Each structure stands twice: as structure tokens, then as C-alpha cells.
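Visitor: Here the structure of chain A is known, so what remains is to put chain B in place on it, guided by the hints.
Line by line, the protein sequences are chains A and B. When we follow this note's numbering, the leftmost residue of the first sequence carries the number 26, and every step to the right adds one. When we follow this note's numbering, the leftmost residue of the second sequence carries the number 26, and every step to the right adds one.
What the hints contain is simulated information worked out from the structure, not anything from laboratory work. Computed from a prediction, not measured in an experiment: that's the story for all the values here. One or more of the hints may lead you astray.
Put simply, identical chains are the same to the list, so a pair is met inside one copy or across any two.
Here are the simulated DSSO-like cross-link-like pairs (lysine-lysine), alpha carbons at most 27 angstroms apart as the crow flies [to be verified]: (1) K320 with K49; (2) K184 with K242; (3) K345 with K234; (4) K339 with K79; (5) K332 with K129.
Number of protein chains: 2
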Amino acid sequence: MLKEINNRSHIADTVINKVLSAIKNHNMINKDEKIIVALSGGADSVTLIHCLNKIKEEIGFELSACHVNHNLRGAESDSDQAFAEALCKEMNIPLKIFSIDVSKAMEKHTSVEETARTLRYRAFLEESARLSAKVATAHNSCDNTETVFLNLLRGTGLKGLCGIPPVRDYLIRPLILCTREEIEAYCDINGLRYVTDKTNFSTAYTRNKIRLEILPKLLEINPSLYGGVNRMTAALSEDSVFLENMAKKELCAAKIGDKTYDSERLASLPRPILTRAISLILKERDIEPTAIKIKGFEEIIKSGTGKINIEKNKFAIVRKGKAEIQIVIQKYRKKN
Amino acid sequence: MLKEINNRSHIADTVINKVLSAIKNHNMINKDEKIIVALSGGADSVTLIHCLNKIKEEIGFELSACHVNHNLRGAESDSDQAFAEALCKEMNIPLKIFSIDVSKAMEKHTSVEETARTLRYRAFLEESARLSAKVATAHNSCDNTETVFLNLLRGTGLKGLCGIPPVRDYLIRPLILCTREEIEAYCDINGLRYVTDKTNFSTAYTRNKIRLEILPKLLEINPSLYGGVNRMTAALSEDSVFLENMAKKELCAAKIGDKTYDSERLASLPRPILTRAISLILKERDIEPTAIKIKGFEEIIKSGTGKINIEKNKFAIVRKGKAEIQIVIQKYRKKN
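Isolated chain A, as found in the complex (with noise of 0.2 angstroms):
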């Protein structure tokens, strides 16, 4: 029975130590900055806001919170907004809470899922600019590996192996080295409560299956799993940002004109670069760069010249030297 108490509180040492690492590895706040912690009210985000709440003394940073009411669970969605507010209230730390609509923001070809999530970050970058401060997410350790697997089974290159990154733009991610086990663990000893959220969207069939039977089998060969992933990751997310780097430099060594580029230099880039680089110019003109869409570019750009339908109106093309993506405005007519 000692030896389990000694075990718990050592959990709750390892989720802070963890937390002040992460930190500290990939300088996420400095002193006299402002945090907001994104609250939904479930283990990871209650730990998170516990955490950052001890040590915000000691780093010097000022901590704030938002939740986002997503409104697609009726009672549920409003009792999780009022636990987040008894929580902050009882931590004496500020609020804000979002309340959004999802269903009038959907569009076509996109889940619930996806408008919540984006509404959500939008939401978060909203309250980031009013403040001046950096929003910090709840992801841990186990999340990342799931993510990993998950664009691995989806296929994808170097950027979707990166699994989440600790850090970027405005956001940070706190516990990305604790696991899931370990934050429950800290909630248990630290006699925190927290919300479970029931939505099933859609797309988390696969998440799930991953988490409850994929992992496990995982975890049964090498119970260092989520560690091993995390430093995969970070190693892949250097490679990763040193090649996009370089494309970048690459493309605005090209540049010609107003999203106009040299198609020769392009032809004459090594293959990692050139592929980012067109992914870049696709970008630029809203084009999501997939696998095909980036291998028709780079078949023009290589032979010279061409011209490809890359999406609805817009065309890739090559001419004369010159490689851009040509909007076509056609008029439609009205279907009544």
C-alpha cells in the first residue's frame, strides 16, 4: 500500500518534471508571458491548467483559461462550460468561454469534426491576439503516437511522421512528453475532478482502433513506446523543418514575378527540395499539395513545359522558362 502511494506520487513528479522539460526543451514560455490554457474539462486539460498553475510562480508567467462550448451535446456540452467555470473559479484563475455553432459553419466535404476543429483554433487564435499571449494545448505523449500512426496508415511523407509539434505559431503543448497513464494517474493522486467527453465524431473510429487495439500490441513489444516515438519525432521534425527551409530559399531564389517562377532553376533542384518547393507554390494559390497534384507539376516542370488542370479552374503551367498556377475565371451559370 506505501509502496503504491510512493509509486502515485512519483507519477505526479514525473508529469511536472515532464511539463517543466517541455518547456524548457523547446523554450515554450518565458518569464512575464501570458498563457491561456485551451479548457475542455477532460484529464489532459485539467492536468495541464494544474501544472502550469504550480509552476507559474516560479517561470513568472501569467495564466489565463478559455473553453469552447461546441454545443453539439445539449445538456452535456453547457455542464462542461459550467465545470470549467467552477474549476477557474475555484483556482481563481480568469475565464473566457467561446460559444460556437457548428452546424451553421459546416461546409461541404467537411466532418463536424473538422468545422468544430476549426472553429475551435479560431477561437484560440482569437483570444491569443486579444491577449498577446500563447495558447497551450492539452496533448500528451500517447496523442502524438496516435497521430503518427494514424497519417502513416492515411500514407503520408516526412511532415506527417512529425507527429504534433510542441510548438507552433502561438501554440504550445505542455504535456507532449507525459502519457496518458501518467496524467490520469496525476488527476487520481491530486484528487482532481474532470469531464468525459462522449461525442464520437466520425473519423475517431480509426483513432480509436488505433488507441484500443493497435497500441496495446505495441506497447506489448516495447512498453517504452510513446518515449521512443517522441524522440522519432523530434528528430524527424529537424529534418523536416531544414528541408522545408531550404525550399523556401530555393523558391524565393526562383521568383521571377508576382507567383511566377524559373521553371530551369526548379528543374534543376534535388528531387526533397523540389517537390516541398512546388507544395509551396500550390499553397500559395489555396491548392491543398497533394501526392498527384505535386507529381503533374513536377512531370511539366521537368520536361520543360505543359500545362495541367490541377484543380476546378486553376492550371498549372510551364512556359517559356516560366512555371505558375494560372487561375481561369470562367462565368457559371445558376442551377435553379
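Guide: Relative to chain A, chain B alone:
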């Protein structure tokens, strides 16, 4: 019934087409080259020799085979050899037999599997040199996926995620795009007999677990997993080779003496290049470049001075602008 036959004959075509694609994409075989099939007698290598025999006139290469008898399973090993001999005689393909003594060659800290592998590849290299030929091994796309997952589980970097290279030095893998299922169907429809290796190497435990328990679950989520992983490893290999080559170039530029490098120049390299350059320095001294060794060496390079014990009597030293591995020759007393 007719549908099934059509489907099966379709699979036989698929295998041949995938072999032709792999050969073309990776420039595996050119006219007038000599190709030696590494023939264990299993379904994979029997399919490989059958396919290559079918297309050898078309491409215009010379086909032979070699069989390595590991002498690990007594009479069964000899019967596998006899099978390979009979098959080659029937197909009128010259065959060279290597008979190796694995237990005699076993060293400390190496497994039977590792030793067998080392000796087998030594035989391939010898035969390749003797005939000025390439050696074709029968690795398939399932082996490739398993290797990626094995490495992922063990903890890996970009290189480990590149899987089995379709071409490496004198080795080619023409079956790399075919699944095990397609290969078995190919044997079936062509009435090819093959042997089944019942050896159960100790580390085969993990591979078997991945093959039998994990991959079937992943295939439920994405039935075209093997193709997806093949595309991923192909793209990652390009990234990896590009970074490796950059590191080689930078290391060459930083060379200031025999195995001695300008430490300040190294320190200025971006991490993805520096860590690869360090790995090359270690390999130059026959040191297995583990993450810990690379990190230790990196730290003293960055700090500008220091000495660490890399392994046994080998020290990484940074001093007066120079970085190198020094080997300290010590006299040991023999234990009686």
C-alpha cells in the same frame, strides 16, 4: 469459378508487371548485365527466379542463382539445398551452393540470426564479385512494411523509416512492390513448389508479432497499406539520401587532416547535417553511431572543447579547433 481463375491469372500478371515497374523505376537491370538470384527455395525467391527467367530475354540479361545452406536445421537444410538444385536444373539455370558454418562464426553479442545474415551477405558479395553480377534478393512489400514497423518500434530516425532499399550497392529487390499474398497466388497459379523455412530465430518473435497480430489490424483500417508504405519509404529515402549526401559534402569540406575535422566549421552546421556528419565520423572508426554517442559528441563540438569516452578505448576529442576520435592503445593483462 471462372471469375476466380480470371482473378488469379490477373494476380500473376500483376506480379510480373510490378517486377517490371520496380526494375524500370529503380534502374535495377540493364541489357547484358548478369543477375544472380539469392534462392532460398521459399515462395518469394522461387517467384523471383520464375519471374526473372520469364523476362530475361526481353530485357536481355544473364540469369544465375546461388543458394546458401546455413546448416542450421540438419537434414531439412540439405533437403532445401536439394530443392534449389532440382529447381535450377529443371529451369536450366546455373547454381552456386555456399555451405556455411554459422555456429563456428558466432561472436559475442551477436545472435544466430545476425551471424547467419552476415555470412549470407558475405557469400552474395563474393559471388557478385566473382561473376561481376548484381544479386537479386526476394524482399517484398510486406517485408518492407514490417521493417518500417520494426524500426519504428525499436526507436528510429529518418533512415530506419526508409525500410528496405530497392537497390543498394550490388543488391536489387525486384519483388519490392509485390505483397506476400500476390506472391503466394503467383506460385499457386504457376504450379510452383517451394519450401517453408521453419527456423524460428529469436528476434523473429517481434517480426512475427507485427506480421500476425498488428498488420492485419492495420489492413482493416487501410487495405492498401503496403502500397502506401512503399510510396512513403520511397519519398523518405530521397529525403534521407539528400541529407546524407549534404553531410558527406560538409564533412569533406571540414576535413583538416587524416580523420580530423575543423570543429568550428562542424559546430556551425544545422543539426540535421551535423548529427549525420558525426555519425559518419563514428563509422569511419568502426563505431556504431547510436543516438547517445552522437549526442555526446555533438555537445563537445558545440561547446568548443571536451573529451568523452565513446566506447572501450575510443575517445571523441574536441580541442584547439579540431574534432576527432582518438584510439588509445592499452595493454591488457590476460585473465587466466
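Visitor: None of the hints should be skipped; say for each whether it holds.
Guide: Verification of the hints:
Taking identical chains as interchangeable, the C-alpha atoms of K320 and K49 lie at most 27 angstroms apart only when they sit on different chains, with a minimum of 18 angstroms there against 40 angstroms within one chain. Both within a single protomer and between protomers do K184 and K242 lie at most 27 angstroms apart by alpha-carbon distance, with minima of 25 angstroms and 24 angstroms respectively. Neither within a single protomer nor between protomers do K345 and K234 lie at most 27 angstroms apart by alpha-carbon distance, with minima of 51 angstroms and 56 angstroms respectively. Proximity of K339 and K79 under a CA criterion of 27 angstroms is satisfied in neither setting, with 52 angstroms inside one chain copy and 45 angstroms between copies.
Taking the shortest alpha-carbon separations for K332 and K129, neither the intra-copy value of 38 angstroms nor the inter-copy value of 64 angstroms comes in at or below 27 angstroms.
Going through the hint list in order, the structure does not satisfy hints 3, 4 and 5.
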